Amino acid sequence: MTPDSGGVNVGAVFRSEYGRAVSVLTGVLGDIDLAEDAVQAAFEIAIQRWPQDGAPPSPAGWIITTARRQAIDRIRREQKRDDKESAAQQLIEQQQPEPEEVHAVRDDRLRMFFTCCHPALAPAAQTALTLRILGGLSTAEIARSFITSEPTIAQRIVRAKAKIRDARIPFRIPDDAELPDRLDGVLRAVYLIFTEAHLATAGDEAMRDGLAAEAIRLARLLRELMPDEPEVTGLLALLLLTHARRPARLDEAGELVPLDQQDRALWDQDLIAEGHDLVRACLRRNHPGSYQIQAAIAAVHTDAPAFTETDWSQIVALHDQLAARDRSPVVALHRAIAIGERDGAVAGLAALEPLADDRTMQRYAVFHAARARLLTLLGRMAEADASYERAIGLTGNSAERRALQRRRSEGMP
Amino acid sequence: MAQYLLKMIQPVGEVPDQSVLGPVMEKLGAIQQELAAQDSWVFGGGLHQPETASMVRPGDSGPVVTDGPFAEGAEFVGGVTIIDVEDLDEALRWARRYVEATGLATEVAPFIAGMPRA
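Those sequence lines, one after another, are chains A and B.
The opening residue of the first sequence carries number 132 in this note's numbering; numbering runs sequentially from there.
The opening residue of the second sequence carries number -13 in this note's numbering; numbering runs sequentially from there.
Please note that a few of the clues may not be correct.
What the hints assert, rightly or not - Label pairs and their computed distance ranges (CB to CB): (1) Thr38(B) with Ala454(A): 44 to 52 angstroms; (2) Asp312(A) with Pro44(B): 40 to 48 angstroms; (3) Ala16(B) with Gly524(A): 49 to 57 angstroms; (4) Arg79(B) with Val461(A): 54 to 62 angstroms; (5) Asp408(A) with Phe29(B): 21 to 29 angstroms.
What the hints assert, rightly or not - One-sided and incomplete, this derived list gives chain B residues near chain A with beta-carbon spacing under 7 angstroms: (6) Glu37; (7) Ala60; (8) Asp70; (9) Leu74; (10) Pro96.
These aren't lab readings, by the way, just hints derived from the structure by calculation.
Note that this is a predicted model, so its numbers are computed, not measured.
We treat Cβ as the ideally placed atom computed from N, Cα and C, and that holds for glycine.
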């Protein structure tokens, strides 16, 4: 795609409007593949025409209108060939030529979120499909972000779309009874995209920056579509406050810097301010949920001018709330870490102890790293060393592994 | 509307006694009536244990009948229901009802039909 055509960056319009256009067309045609083909055809026409004719006043509207015409033409051609009455054509001709009724467009993108993140699709398919359709990323871009091959991603998307079509996964916002569960699925998919970028369990870290930004863009879009859902706001706040610390996560040599050693002056204050505003907005609604509580924890961290000035009592209290609604060992682990900071290493180890038999924890690098830190603080160096070794063996991320090796060799907590 | 096959996955060999089965069958009957009332019931029934099944396979001189197949795993399809509903979400809602009534896992498979419309 040419970067500049007729004073408008077609690539940028593609990124920002692809999801909207495909969602609107899917609403009309009832078929994602047909909608994608039509929208792609419209962008191909834009690349040819805009440099000569100049860009239209509303590029997004132009794309949707053109895509609609493309779809009508295609359906007519196929109808002539098949001589079959097409339900899609009836649908398309019932529609007004200008579809830009803001509300309907919003709903279409929201419908698309619920379709792409349907629980009948595997999580890996949900994230790939969401990035492809709502994010407008190419399969090549998605493959690079997930450190996997392009055919793998392409196949994942093709299969997911086939299941949507064949099993009739609806293009619809779930009714009130199902909404909380289904929204949770959508939020989880966006969060999964972000953690893939942020934690980077394997491979090159810097490359994932774009993916984190993409997850934030999707979270912003969701909030725009569902401004009254506090968990949506909570997720966006959590992503912003986590992402704000990203500039301090790597030192000049590209090595991972743990939270207690980060140069807090590098944290992105704009993102922090926005995140804090959102957390306050959620809290006012008094409808707490996991993402809101996690965002509040991130807000407490970003409030502290130094690691040692962190309000650990508040963080433990928030972790208590989280543990009350989510009994997973990972939640219990982070609560134990917070207790260790508030009450000292002995209390922290005692809080970790009940998790030692959990099979997930035994294979979880963060658990062993937390244990190693507490044991080091207590001067139990041989045990700390063994825990560091377990953690180093378990982490799939090379930067994390080196950070742990450094701590271990320097006898640092 | 679209048709779905609900397959109830059942442990091999375990036939619960009447005191357990009775209330379950009652619940299943109620679900069937609800489905029928909205014209969504197509067909359904329970199956005998897998060793009662026979197999017909293509052979060199015509189809051959044998005993079996015997379940390879610990589970088999113990019952099927075919429903005719709006879309997967509705099919999944009915499947949940069956799972709650029987305590059995249920697979939901779509039948091939025309292209779906929103």
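Checklist entry - Tell me, which hint numbers fail for this structure? => result Of the numbered hints given earlier, those the structure breaks are 4, 5, 6, 7, 8, listed in rising order.
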